[in-house]
Structures are given as structure tokens and as C-alpha cells.
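Residue numbers (our numbering), protein chains in the order written: chain A, 1 to 973; chain B, 1001 to 1086; chain C, 2001 to 2407.
Check each hint, because a few of them may be wrong.
[Stated by the list, open to error] Below, computed lysine-lysine pairings styled on DSSO-like, alpha-carbon distance capped at 27 Å:
| # | chain 1 | residue 1 | chain 2 | residue 2 |
| --- | --- | --- | --- | --- |
| 1 | C | K2213 | C | K2203 |
| 2 | A | K93 | C | K2255 |
| 3 | B | K1054 | A | K867 |
| 4 | C | K2006 | A | K111 |
| 5 | A | K502 | A | K394 |
| 6 | A | K594 | A | K394 |
| 7 | B | K1025 | B | K1054 |
| 8 | C | K2006 | A | K127 |
The hints are simulated quantities; they were obtained by calculation from the structure and are not laboratory data.
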Amino acid sequence: MNRLRALPTFRIDPARRVAFRYRNRSLHGVAGDTVATALYANGVRIFGRSLKYHRPRGLYSLDGECSNTCMQVDGIPNVRTENTPLREGMQIKEQNVVGSAAFDLMAFMDKLDRLMPAGFYYRSLHKPARLWPVAMRQVRRAAGLGKISPDFRYGGRCDEVYLNAEVCVVGGGAAGMSAALSAAESGLRVILLEARPWLGGCFDYRPGPSQDGEPLYRRSRELLRSVSEHPGIRVFTHSPVVGHYTDNLVTAFQTGEPGDAFDYRYIEIRSRTVVVATGCIERPLLFEHNERPGVMQVGCAQRLARTYGLLPGERAVFSVGHDLGLEAAVDLSDLGLEIACVADLRQDGHDEHLVTQLAERGIEVLRGWVAARAHGARAVRAVTLATLDGTVQKRLDCDLLAASAGLTPVVGPLTLAGAQMDYDAHTGAFLPSELPPGLFTAGRLLGLHDAESIETSGRLAGLQAAAHCGAVDAAAVVELQAQAAALPGPQRGSKLVTAPVKGRKSFVCFDEDTTVKNVRQSIARGFDIPELIKRFSSAGTGPGQGGIPGHNLPLLTAHLQGKPPSSFVSTTIRAPLVPVPVAAYAGSRHDMCKRTPVHDSQKAAGGVFRRMGVWRRARYFSDDFSCREEVRNVRENVGLLDASTLGKFRLHGPDALKALQRIYIGDMSKMTAGKIKYAAMCNDDGCVIDDGVVVKRGENDYYFTTSTARAGATIEWFRYHTRYDGWEFHLVNLTDAFGVINLAGPNARKVLEKVADADVSNEAFPFAAYREFTAGGGAIAVRAMRLGFVGELSFELHVPSSLMQALWGLLEEAGKPFGIRNFGVEAQNVLRMEKGHIILGQESEQRTNLLDLGLGFLWARDKGECKTVGEAALRHAENDPGRLKLVGIRMQDPQRAPKDGALIVDRRIRGYVCTARHSFTLEQAVGLALVEEPLAGIGTRLDIYEDECRGELLKAEVVAVPFYDPDGKRMRM
Amino acid sequence: MALMITCPVCGPRNGYEFRYGGEDKGPRPAQRELSPGDWFQYVHANDCADGIQKEWWVHRDGCGVWFTTYRDTTVNREVPPPEEDA
Amino acid sequence: MFGRTKPLWDTGPELKSGYDAVIIGGGLHGLATAYFLASRYGMRDVAVIEKRHIGFGGAGRNTAIVRANQRTQENVPLYKEALDLWPVLTRELDFNLMFNNCGNLNLLHSEAAVNAARMNIATAQFLGVESHLIDARQAKEMMPALNISEDITYPIMGAMYHPPGGIVRHDAVVWGLAKGAAALGVHIHQHTEAAAIESRHGKVTAVATSRGKILTPRVLVSAGGYSAAVIHRMLGLRLPISVLTIQAMVTQPLKPLLDHVISSGAYHVYANQTLKGEIATGAHMDPWPNYTTQNTAYYVKHQAEALVEILPCLAGVRFMRTWAGLADMTPDMAPIMDGNHPLEGFYMDCGWGYFGFKSCSAVGKYMAQYMAEGRCPEILKPFALERYEQHRLMGETAALVSYSPDN
Ligand SMILES: Cc1cc2nc3c(=O)[nH]c(=O)nc-3n(C[C@H](O)[C@H](O)[C@H](O)COP(=O)(O)OP(=O)(O)OC[C@H]3O[C@@H](n4cnc5c(N)ncnc54)[C@H](O)[C@@H]3O)c2cc1C
Ligand SMILES: [Zn+2]
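Looking at chain A on its own, in the form it has when it is part of the complex (with noise of 0.2 Å):
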């Protein structure tokens, strides 16, 4: 198809041609045509089919208002093709057909419409009940546009950009030009998106006076060209605005243009105010067949001629309720469309100067007729118009019907921001009765048509936004306010709700297929407010998002009925305004995780790490994970575990003991230097959240470990508790500061002598001790505990993070002689559950409290009213039978343990298994569980189901914990 001549307000650059493919052809469109602007131009007028009945459809709107146009997009489904930018090699497919769009298979479809009135599926398909399933298989076949490769991988680059600005402007025509630069000349930071990819909006392509006598594209220009110059305007083209939400924080989204550094763009934006000037789209006329292609809307069709350089057909037919239209039939006539006639459904108002141009064109003006029907299977060949009560018909020849109804106020933006929209008669739109703070309105989405008055409300709204941040005072806008007024205000708009059409087909809402009889029947059904109707009849949940049906249904929904258009607001609009590519939100991926300072250590030593909270752990050390070598070797020789993650804090000032007691359930004041004690936290349940150890390390000056999970929280938990109390004390995390080795074994004090500058013997160093030495010959300043969590010997080491690594190769090196290894988090697991020693969130759980696990023996009740977090629920719960208590279990079978999570069952369930394991050391299955209190009694047989069982149960017993090393002499050696 052969572009028209170069014209001033060309989008495209017709000397520059893009090669495409389309259903295995090789095709060409030329830059700055969009995918559906080169098909059109190859002479496609089918893109796809329809959802429901496969109806044939076309180019409609070219802002991606329904989903007809939308395609297979190098692998991509569901793209809109009629804004989506051709790029070089796109590979384009049809979707939703059987065969191709032309010619689909599905198309009788589209006969089957009786048998399928509003909500139909929730009345049938379930009788009888076994076809049920089949019927569903065939529904979920028949539903759903495109399709997506379960193997697609998206592969552009997608960046994202948070943003700070004092007036963020939605909409770059001549209204957002106007307030973005009036904004920026009071000195204000700004901020302007557009949706499409160039500035200029509704002026962009129209050779109407602008009002200096300028045509309107030329003016648009002119604001471009200040827009861009003024340093204080941030432009963000290709960016529809998504998401609004309160405070004025905006979402878009910015498709790259080739050359950008970035496919997708996620943009966020905080900004004291927000200048919507959005405009308008055009309110789709119903009638009988009103989207059969060929029938598109006329800013559809004068952009194609005036921007892509495309006729949008041969013999046209117009049928409008604006100036808009009169204006489009001149202006296409004058570049060669033959228009039979213009149906115009207002009966006066007209702008009289448009109806003399076309008069002086030789074409009809028909005032009070419309579209009635479109004639054509597969494209429109003719029309029937008639006039608005029906009663008069004619039909006449035409291969495009350029039909819309009005206007519609695009408020998406002013909604989500939470703006109360009603019925305005003047308009007949929705418009903005309240607006949240700091939100203004500016230009054609007012209702606005003057040019002079679109400009000026534009520059009116920046310099609200600027008395708003506090850059100019109230007199300014008051004056400029005036200036306003005595411009043409909001134009009157059409009400026609449909044309008088009999008919079955005039579809509200193109992408769910959904008539107007659909609504009709969904009323009768008692779903009477579009709300509702839309949930019956699925109208406006389709890839157009409302665009087609979002003014007409609250429109049609009150005619129906009877009832004043003002009776019902438009359907809740809802974020994204349109379709996101999930890859956009996405953004880069940054997976943010900690290391120990021993991590590349373990790694050579083969550590097999898992993610733990915000850390990577090495969690076994060969594939055996049962962890039998790991844990031998600590029990017979020494093993290094990095327990870096500990949490680690230094707890000082005054109030520092205060704050211990109210924190921890034990009595905090009884401790002695160089001893540690043995701690537990609760929450107000009285469940343990925390257990570490904490030593005195002066007057009033504190150190104490938590749990990996807790380190975070820890500060939080203690200022909030004590929020009340104005206490001073001072916190500080040293969790990154210090790395923990835990060095542990028979020969675990051997290692540590070669390295140690202190004397390390069990008489200077006994279990539970805390001491400070170097190590090293003085290099590494050492904090040195002696615990037993593992049950053996053992030392752990604390030294600062930059030093770990050091302390960590001399003691590996030490240790050879000894056989030392490293040990990872799994075989402490085993260690320490032979040891009968519990692992928070193993063994407890939210039932579960201090007494329960049996560290009844850390509670305090003597150390006075501390305001004990935890004290009151230990107390009323503390004689409750009814409560799981933690006990250890031997198997029957010693070869057996159960699983974890195995459940222990009498008749009901009466308690559960947290960790067993065939202990290698003991040569016996044993485990930790939690069972009811008649059950935790030593000897009680227990009977455990575990998954797949099949019933079969395995036996076990209670037994004392510990099982390895009663006495504790191992870790006292």
C-alpha cells in the first residue's frame, strides 16, 4: 500500500525501511510505524479473533484500547500490536485462531451467541456432574488469548529509576507541555511522562488553527521545543503512567527506543504534586456490529493518515458526536479519502465554520443521524444509518466507517490517586468532583476543546502545583485564574447511550465479547449496578482494561434501566493503567545474601552451602549427608564450625542491667566476670525466642550472642519493650564485626595451645568460662568461650571479622596433627541433638513455652518485678496438662529414625517428632519430639506415623536426654 507524500506531522520516515516477519512472510514497514501500522500497510485488516464468538477484528484505536490488535510478538502473547513500535526481524503471529485470522475454523463460534447469554457457564456444564471435568478441560482450551511457551526466557534488559520531583505532570500535549513549563519556571524540580513516544498528544497530528492561526501540530512543537530546552524538565517518553497511589507517588513504565541502554524501564516517582492531563479517548458508539473491521474510531483513522501516512480506506462513512469528527472528514478528505457522508448524532452545536468546509467539500452532514449497522462478513462493505429514534433508514456503500460517540475524560490516574468522580451533565463524562491534595487537572480531560484554553488551563494547573510546593503566591494562580475563565470552557457532550439498533451484536465491550443484550440479560438476573454486571458479564476484564466499555456501561446500566445517567459512577479502575510486562516489574534482579569471612575457606573445603535467613551457611561438607564422617570426627578428634552468623551485641550505659532483666527470663544481676551465663528470651506468650549467652565485660557494660535468626531484631526487641521507660542504654550490633569459630573435640584444646598466647588449660580456662587472649603471637585479639553445644570440648572463638580468616588458617594448620576438619551446620545438628540441646524453631514452635522444653530452670521468679517480658504467660500456664512437652525418644528399631516432622499418634495425634537421626555415636536411633504431658513420662511408649506409612507404625520409647555423654565430662575435659 502506497504511503501518502511526506506530510509535516509524519511520525514514520518512510525512506527507512524495517523488514519483519508475519506469518512465515517477509514483510516490510518503515521506521516509526507501529507492528499494526506495517500490517495495515501490507493490506492486513484482520489481526485476530475475538475471545467468545472468533469474531473477525480490526484496527480499532491506536492506543491499545481492546485487545484487537493484539498478536504474538516474538514469543511474546498478548502484545498490542497497534502501539507496540516495529523493530527490525520481529517475528509476528496471530493468536486465538484456528487456521488464521482471515479464514479461522472457530468462526461459527460466533452463531452459537443464544447459547451463551450473560454468565451462562455458571448455569450450565455442571449437569451431569462427571462431565464436569471434561467440560473444564474444553473451557480453559477455549479461553485465553495468546499463548506462552512454558520455556519462553525473556531476554532484554529491564532497568528501573526512582525518582524525586515537586510537580510530576501525567500526559505530554499541549495542556502537560503548558503546566510541566510553568512549573519548572517557578524553579520547581518537574517531571513530565508521556505514553507515547513522542510529546504532542491530541495537536500532535492536526492541521486545525491553533489560536494564533498556527496549525495545532506546529504549535505542539513550538511547547516541545521550550519543554526540552528547559533544564528544569525531566521528559519521559513512551511511559504511560500505571500506578498512582496516595501521597502522590507515581508508577510507569518506559518501553527503550533503539540505542536506550534498556528494553523496559520501571519508573517510580515520589513528588510533592501531580498535574494529570491525560485528555480524552474516544467513547465507542453502539451499534449493531460497530467493531467489525473497517469500522474504526476517527482518531484511529486520521492519525493513520496524518502520522504513519497511511489512507485508512477508500469510501468512508463518518458517524460522530464531536467537532473532533467534523474537523477529521475535512482534513481526510483533503488528503484523499472519498467521505459519502457525515452522520453527526448531535442535533446542533456544531462548530458551523467545520460544516461549511465540508459543505464546501461537497459532503453531507446528516444532524441527528448514526450508525445503525455495519454490513460485511469479514470487513464492512456498506452501512446503514439512521436517524436517532430509528424510524429513518438509509444504507450507503463504504469500505470505512470512522464511528465514535463522544469523548471520554481518560481519569485512570485521578481515580487511583483516590479522587471522587461523578456524573457531569454538562460533559457527560465522570469527571473529578474532589481531588486529593496536591492533585490538579489540566486541558482536554476537562472537557476542554479551545486550543487557547487547553494551554492555559495547562499552565493555570503547574502554577497550582507551584503555590502548592510554596514556589509562587495565591496571587499569581488568582490572576491567571481569571484569564481562564474568559476562555470557551468545557464543551457540551454527546449522550447518546446506542444507536436504535435491534440487533444481537453491539459489543460494550470488545475483548470479553460482551453486548448490550448481555447486559440487558444481566440485569434481568438482578446484577443491576456495573459493578456487578461486569463480574456477571466479565465486560471491561479483558486486555483492554475498560478502555472500550468504561464510560458506556455505567451509561447503558442506567438506560436500561430507566434511570438518569447520573445514577452510577464508572467500575472501579485498577492499577496498571495498562498491561505491564511482568519482566518490567521485575526490574534487574539483585539477590542480596551475606558471607562469613570463612566462607571462600569452606568452599574450597568443599562446603555444600544453603541460604539461612540473610546468610550463606555451609551446611555439609561432603554428598554423605547424613554427616557420619563430620561427626565422628568431632567426636573423636576436633572439627572447626564457622558460627559466624551468631548474633553478637554490646549492651552498655546505666540502665544497661535493667534492661537485661526486663529482656531476659532469667536474674541478670547475679553475674561474675569471666564466666558466662547461659540465657533465654521469651516473648509475651512465654514462648523462647531467643537463647544465647551473655557476659559481663565491665560495670554495667555487657556482651551477648543470640540466634542467626534473631541478630536482626534483637535492638528493635529491646527498645520496644522498653519504650516506656526513657532508660538509657546503648546497643550495638557487632554481628558483622565479629566472626565466631567453633572449635570443637577431644582435641579441640591441643589445637587451640599452638595458637593461643594465653594458657588455655582446663584449670585457667574451665567450661564456662569467657576470657580475653590473643592468638597469633598478639596479632588477633581473641573473645573465648567455653560451651558444650555439641557436647564434646570446645572453644568458641570470637575475633574480629578482618581477622577471622587468619585465626581460622592457624588453627587449621595447628590442627592437622590432629585431624582436624571442618564441620558443617548439619552435623551440629546431629552433635547437638544427641546432646539433647535444642535448636529454636526445631524443637519449639508457637505452642511451645519455656517449661515445655524443659528450661523451666532459667526462669527467675525471685529477681523482683522487672516487668519480665514473658513472666505472666509462664506463670498462668505453667500447671495446663494440656500442653506439648519436648522429651527424647529411642526407636524400637535402632537402624529406624523416623523422619522429622513424623507424627506421634494414639487413636488422634498427640504430639510430633522434631528431629531424629540414626546416631552413629550411639548406635542407636533416637530424636527429640513434642508430645502431649500424659505422653512425655520416661517409659511411655510412643507409637510414630510418618508420611507413606501405609499405617504401619513405629515404635519408640521416652527416654532421658541426654543421650550421649550424661554427665557432661566431655565437654568439661
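Chain A is already provided as a structure; the job is to place chains B and C with the ligands on it using the hints.
The following block gives chains B and C with the ligands in isolation, referenced to the frame of chain A:
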């Protein structure tokens, strides 16, 4: 909905920097004689006001301070303290 | 085939001055209770009062996932019965509830999660509910779109597969129950807001509404996310509830891609494909109480980040619509169902968080029994409010409560 919270130290900031800490229920009661009923009221029970409530927040990813503020839960905006509390 | 088009239920019954029972809230639980009162207990003089339209609350906003693989033996039987009731209700109501029992895959990303899942699975199997542990390969075979590579934040180690679960059409449940209840004589009063509960000598006597007073000896508050505020305002009773918004969204419709519901605790995301072809996804909740039912920018982004890791092909799909509703969370993730306290004839059914859809059929049945007989059915006893005061949290979540709401 978006959320801005005003930290007494850092000023108005993005709500995601903070953590919500519950309705304000007054100072922590003494634990020794606390009855199960009173314990429940203090620890778990809420007014769940659909309107303005006084509540606790901590500036978690900021200065770490705990503070109270008033917020209208129906619109999710901070509001000035009501007269009697000002 | 469809007969003459008439309303599914009487949308404008006359508001009488008295009813045998008044139900506050035309959501899932209110309508289900009304239906079972009328159909099983012969109590047909019942009014359901709804401040907006039926289904306005969580009923019309949820993502309709149903399953019965809960954690405790107090909960599993209730949800199992609810699952069994979908086909029964479809037949009784003669309304297609579109139960798609495609099964649920709950992804597990750590050894600890696998062990925790084992307990759920064993519990389910012990109680006669099908549920299995499967490994990552098997999960991938069932759902080819799944990414089981090591190269993601939380690599998938396995899944809990629960075949009897799936999705049901939420709107169909609302409308079907309304149709069924109204056909038996229940009055559904929309655009009627309950303002107060009146009592004498410790007994309920009336409910004051925006359209006048209704005399009644029994009232059920099943106002979803609004229940805690309503009950506090009307009776001064404070509940262990935090009301958060929970959001959801759908992509554009696609041809069949996901044959099961999938969810992941580590990623805070779930996804399923509706019969219309949209991928419905959600899970993240902003952790501060509010009643806005508005979405947040953070949520959409978070959800997308999670989805492209576990279902990377979705990167090429577009989000189309987000929405939000209320979730009334309790500390132990289990609801509060109680009666005759603090007033005789006062019943409540709330704290359903994001579980109130999957439970509604069975709960309606038992709450109806409770109200008709005045005695708490055995199966509901563990859900009484007093459990909190007695330090007997339910154990539906293993996670600890710190200060509420926990996140
Ligand atoms: C996004 C989202 C996803 C979810 N996904 C799932 C899911 O997958 N599976 C699942 O099981 N659950 C899910 N849920 C939870 C489920 O929707 C709720 O738990 C359920 O709707 C609760 O039912 P209800 O009848 O108690 O309350 P609702 O359905 O909320 O109904 C309560 C009704 O009470 C009305 N009301 C309130 N106050 C008054 C008054 N004063 N007078 C009269 N009427 C009043 C309200 O308008 C409302 O219609 C989800 C919820 C949301 C929001
Ligand atoms: Zn701060």
C-alpha cells in the same frame, strides 16, 4: 495506597523504612499479678479502629527510634494528634 | 435451556421488623450460614444484611484457592469437609461453582521447609486427606514452567503436592448461595448497614440498621475484615485481630499454562490459572493495619520479582489488574468462632485472614448448627476466643508471635 511516616528524628520518610509496632495500649503492666484476662487485653486484643488510631512504629531502616503517631486507617494517612492528646 | 430470565435471587425483599436470626455481612460465611440454617435446620426466617452488595468484601476479591492440608488436626477435618461440599453444593444449588480440583503444589526451598511440610503431609494422611512430598524433578514434570535450577534466590528442593485442592469460582459461590438461600425464604437486604446490637438481661434482642431496627433473638457477625471493628464498636469486645490489606492480581488471559495451584512461602507468592486463562497471583501483605482496600506499588514489584524466579516464562506476560481486600489476621492463623458470649444469642465467625474462602462451606454448616441449637458443635470448640487467654494458641502456624502483627 502508599505510606509516608514521620519519624521524630528523620522526618517524613517512605513507610517501608519502618515497622509497625501495634496499637498504643499504654505502659507495660506489672507482670507479677497480671491476670490472664488483663494479659490478653495487653498482649493480643486490639481495637481495630476503622478511623484514627494512635500506634507505634520503629524506624527500622533508619535511626531505630520507637515512636507513636496517629494514622487514619481508612485512608492510610498520618493525621495530626486529636485535640485532647496534643 | 435457560428458561425465562429472572433474577437469581429476590434483590428487594421487604425489611421485616423481626426475624428468627439476623446475619451481619453478605459475604461467604454469612450467606453460607443462612443457606444451611434454611436448608438443614429449617430456620428460614433469616435476614442477611449487607452494607454494600453481596460479595463486596473478601468474597468477591479472593483468589479462590481451596485445600485441606492444614497443619493441625483441629483444622484439617473442617477444611476437608469444606472440600467435599463443593460438588454437593453445586448440585443442591443447581449453580456451577466451577470447582477445578487441579491440586496444589506448595514449593519447599530448604531442608527445614521439607521437614515442616512432612508434618503437614503426615497429618493430612493420618486424617485421610491426600497429600505427598515430591521432589523438584517431579514438580517440574507436573508443571513444566517451573524453574528448578540452583540459580535462583531460593532453589526449589521439593513440593508438597495436595491433589484434592484447587480453585473454585468465588463469585459463583456468592451468587449460588444467595440463590439457594433466597429460594428457601431467606431475605437478603443489600445496602443495609448494621449499626448496633441491642440486648436485655444479657440476651440479644435486636439489631439496629441503617434502615431501621430488626428484632431478633440471635445475631451472627460475619462481616469479614470489618468484624473486629464492628464487634468492638457494638459490644466493646476487643479481639486478637489485626486487619491488613491483602492484594492480588491477574495477568492477561493465556492458553493453559499452569495445571496446578502453586505457592511458595519463601517467595511469598502463589499463582494459579483461572478458567478464563488469567494467571492469578498474590500473597504478599503490607504489614500495617488499614481498611483502604488499595494496592501498593511495592506489592506489584515484589510479586513480579518472585514470579520471574520460579516461573520465568511469565516475564513475557503482562499484568492486567491488581486489587486488594482485607485480611483479619489472628496471632495463630486460625479463626475465631464463638457464641453466646458476651451476650446470649450473639455469635461471631471471624479472623479468617486469607483462609475464609476455602472454609466457608463447612463453616456455614456448623455455624448454622451452632445458631440453631444454641450449643457449640464439637468441631468448632477449639476455635473459641478463650483459647488466647488460656495460652492455647492453635498451632496453625509454627512461627512465633512477637509483637503483632508479626512479619
Ligand atoms: C486478595 C484476597 C485473596 C484471598 N485469597 C483467598 C484464597 O485463595 N483462599 C481462601 O480461602 N481465602 C482467600 N481470601 C480470604 C477470603 O476472601 C476471606 O477470608 C473471606 O471472604 C471471608 O468471608 P466472610 O464472609 O467472613 O467475609 P466477607 O466475604 O469479607 O464478607 C463480609 C461482608 O460484610 C459486609 N459488612 C461489613 N460491615 C458490615 C455492617 N456493619 N453491616 C452490614 N454488612 C457489613 C461487607 O460489606 C462484606 O460484604 C482472600 C482474600 C483476599 C482479600
Ligand atoms: Zn528515623
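Hint by hint, here is what the structure shows:
{"no.": "1", "hint": "K2213/C x K2203/C", "in the structure": "16 Å, holds"}
{"no.": "2", "hint": "K93/A x K2255/C", "in the structure": "15 Å, holds"}
{"no.": "3", "hint": "K1054/B x K867/A", "in the structure": "23 Å, holds"}
{"no.": "4", "hint": "K2006/C x K111/A", "in the structure": "24 Å, holds"}
{"no.": "5", "hint": "K502/A x K394/A", "in the structure": "16 Å, holds"}
{"no.": "6", "hint": "K594/A x K394/A", "in the structure": "76 Å, violated"}
{"no.": "7", "hint": "K1025/B x K1054/B", "in the structure": "9 Å, holds"}
{"no.": "8", "hint": "K2006/C x K127/A", "in the structure": "21 Å, holds"}
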